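First to last, the protein sequences are chains A and B. Residue numbering for the first sequence follows our numbering, beginning at 53 and increasing consecutively. Residue numbering for the second sequence follows our numbering, beginning at 53 and increasing consecutively.
Each hint should be verified, as a subset may be incorrect.
Because identical chains share one entry, a pair is satisfied inside a single copy or across any pair of copies.
Cut-off 25 angstroms, straight-line C-alpha distance, at most; resulting in silico cross-link-like pairs (DMTMM-like, lysine to aspartate or glutamate) [what the hints assert, rightly or not]:
id, residue 1, residue 2
1, K461, D438
2, K332, E263
3, K209, E137
4, K283, E404
5, K332, D126
6, K461, D415
7, K461, D97
8, K209, D373
To be clear, the hints were calculated from the coordinates, so they are not data collected in a lab. Only a predicted model underlies this, so the values are computations on that prediction, with no experimental measurement involved.
Protein chains: 2
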Amino acid sequence: MPIEPAGTVLEDHAVAVVDGRIAAVLPLREARETFQPSVFLERPDHVLIPGLVNAHVHAAMTLFRGLADDLPLDAWLREGVWPVERRFASAELVRDGTELAIAEMLAAGITCFSDQYFFPEIVAETAVDLHIRAMIGTPVIDIPTAWADDVADYLEKGSDLVHDRYADHPLISTCFAPHSTRALSDVSFTELRVLADQLDVPVQIHLHESESEVVASVEATGMRPIERLDKLGLLNASLLAVHAVHVTPAEIGRLASAGAGVAHCPTSNLKLACGTAPVKAFLDAGVTVGIGTDGAASNNMLDVLSEVRLAALLAKTVSRDGGALSGDRALRLATLDAARILRRDHEIGSIEPGKWADLACVDLMRYNSQPVYDPVSQLVYATRADQVSDVWVAGRHLLDQGELTTIDKESIFRRSREWQQRIADFRE
Amino acid sequence: MPIEPAGTVLEDHAVAVVDGRIAAVLPLREARETFQPSVFLERPDHVLIPGLVNAHVHAAMTLFRGLADDLPLDAWLREGVWPVERRFASAELVRDGTELAIAEMLAAGITCFSDQYFFPEIVAETAVDLHIRAMIGTPVIDIPTAWADDVADYLEKGSDLVHDRYADHPLISTCFAPHSTRALSDVSFTELRVLADQLDVPVQIHLHESESEVVASVEATGMRPIERLDKLGLLNASLLAVHAVHVTPAEIGRLASAGAGVAHCPTSNLKLACGTAPVKAFLDAGVTVGIGTDGAASNNMLDVLSEVRLAALLAKTVSRDGGALSGDRALRLATLDAARILRRDHEIGSIEPGKWADLACVDLMRYNSQPVYDPVSQLVYATRADQVSDVWVAGRHLLDQGELTTIDKESIFRRSREWQQRIADFRE
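For reference, chain A alone in the conformation it holds in the complex:
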């Protein structure tokens, strides 16, 4: 399923990979005549898709998975997440949590993720070490944390440690990641905007996630968050609006005309009782939408395939149209369209010659996926992420018939348990 051209399913085809990039997509018989490969792999009961792109995650928060459930957004932040972050956020926690997240994501067919968390330089290093692609968001917030003291410090550390270092990296791109409009003053946003324009990187921000966020913004500033970003010069093609649940038709139009992208995180939105983003309305208006998992503290899995399924299901009921967001269209949101909002659709997101060989192979020979009338339907509506058998990033075979090749499983599990014990002790 090359994704581009849209709706295409090629049978008995092969993908030739040279130097980490896709050299050709052609009938198997022709491939055998044309290439003398050093490695030849056959997966006859499988579908091959572009590696899934996770449009929004806080990778390190895997270590907070299941720590605070069944709470609305505000209580979840104030009682669940923030006290633990204040005590434990550190380079060590971010490295271990990000490693667990990358293991989980690779095993689920995800080859690229857009991250937003403290110690972004550690996230970037860990991604490079484990050879996954990532857009690293450097945090910006008006309060001091373990990583930085004030907005100038956030911006400087982000610029020095991340944006400069990864300006031309094959795996890593970067963006600014202000937490939300609540978290930054107009002055801070203006400093951020100047720097983002100068470095030409996207700005990823939680936006219109909950009704209370919008109400609080109106009370504090007289403006809804999208309106305020517009006034501050941030409503443009560099904006990656995360969530965008509570938006009016006029705001959808403004996001569309600005060329902003939306990261849709359906599980997290349901779980925090925020609602469901109007995905069909976004697509009808021409807004590019990617699918994200959000962090494991609010999801609680980093499983893009199940988010694709949920996005397709929810869109039908939310728009009262059983034909809304077909399986085929939903899959595109988690591959090429997600790549587009990360500004990387020229190099990933579809199986086309010249793009990086970021690929995932999925086994359909399971009870829950048989029989197969339509492989796309089967993949979206009747497949679980454990059926991902193989994953490649830039041609490197990272998941080989269910086994991760760059991950020390026992070490990850041991460190996860240690963090869990320390954090659980602290909370008692």
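Given chain A's structure and the hints, the job is docking chain B onto it.
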């Protein structure tokens, strides 16, 4: 996780099974002193739960999986399902489809299902052959099908072939399964009611699934479906209302005072653009709710664990309350409460001495389930059904470390493919 007492998680415990029933639930050390078992199994990284109960399914429809997606309910029935059923519904299709469904369900930790389909005697035989527990619904509808000619014939065949034969079967119970209020006249419902009272079996019916169903009923009869069932004497403790999406607060109250049960099928309801049942309102009113997958033509998987997760997620957003339907409570809906609406909570649905040893064991040692702060949260929000390692029904080990012991995998896949080819040819 015994489910009863509610909220309990026992660590380092054992379950002793004698003659297919649970003899004791006790600390492992004590178990070693008390019992000299013929078989002793240890699963140290796992949780043990009662086998999941699928409150509503059309098992044989696995053979129609993915045949008609992205359609609203009416078009899905008229264009997708009914033409194929008219051509292919047969004892052979039902046997093969049910076998595939049982394989899929056992592998996903489901030990009991409530079925509604043609050739129910074949469904019952197949369930007994493969040693899964089931409530077999015998269909009733005012039009002739391959299985019966008219309502008298449906009722007679149901009574003779199913209800009489399985009156005291350890694995099989039975119910009547009229398709919907649209599908039966008042006269037919009255005949059905007399017989259901006489045999003392439940009545499982699709009820208030879509808005158009309710509107059509008002147009045709002047009454909403629940009102009509009430007038016909069918709104009572024997009623298993499937879906119940479009219900008023007054109707919720009537279902509660009647003692009727509800089968909640969240994926199917979303996919057919029907909406989401008000589960929290049902529970607050005292209505017992079980969770079902519905058939694979509208879901498209028979995966109760993922339905539990979705039910918990949706309830939060639908009721605008992040605390609505906790993970713990949601799990109960798919075990003890589902058993209750099938009238089998005295013998299954929890891990308690005297009940059948219908059990499922789930491996949490996966990237997506680590670390573990709260095993219930992990099971509901961060576990996929492929993590089910072992399943027992009445003590018989049907899934042994991921391998089904009573299923001929190659034969099932071969027959599924044959049906798929015949059906796909017919549709071209």
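Right, here's what the structure says about each hint:
In this assembly of identical chains, K461 and D438 lie within 25 angstroms of each other by CA distance both inside one copy and across copies; the values are 16 angstroms within and 19 angstroms between. In this assembly of identical chains, the alpha carbons of K332 and E263 lie at most 25 angstroms apart whether taken from the same copy (20 angstroms) or from different copies (21 angstroms). Proximity of K209 to E137 under the C-alpha cut-off of 25 angstroms is restricted to the intra-copy arrangement: shortest distance 19 angstroms within a copy versus 64 angstroms between copies. Taking identical chains as interchangeable, the C-alpha atoms of K283 and E404 are never at most 25 angstroms apart, the minima being 40 angstroms within one chain and 63 angstroms between chains.
Taking CA atoms no more than 25 angstroms apart as the test, K332 paired with D126 passes between copies only; the shortest distance there is 21 angstroms, against 27 angstroms inside one copy. Both within a single protomer and between protomers do K461 and D415 lie at most 25 angstroms apart by alpha-carbon distance, with minima of 23 angstroms and 15 angstroms respectively. When the C-alpha separation of K461 and D97 is checked against a cutoff of 25 angstroms, the pair qualifies only between copies, where the shortest distance is 15 angstroms, while the shortest distance within a copy is 27 angstroms. Taking the closest pair of Cα atoms, K209 and D373 never come within 25 angstroms of each other, the shortest separation being 47 angstroms inside a single copy and 39 angstroms across copies.
Violation of the numbered hints given earlier is confined to hints 4, 8; the remaining hints are satisfied by the structure.
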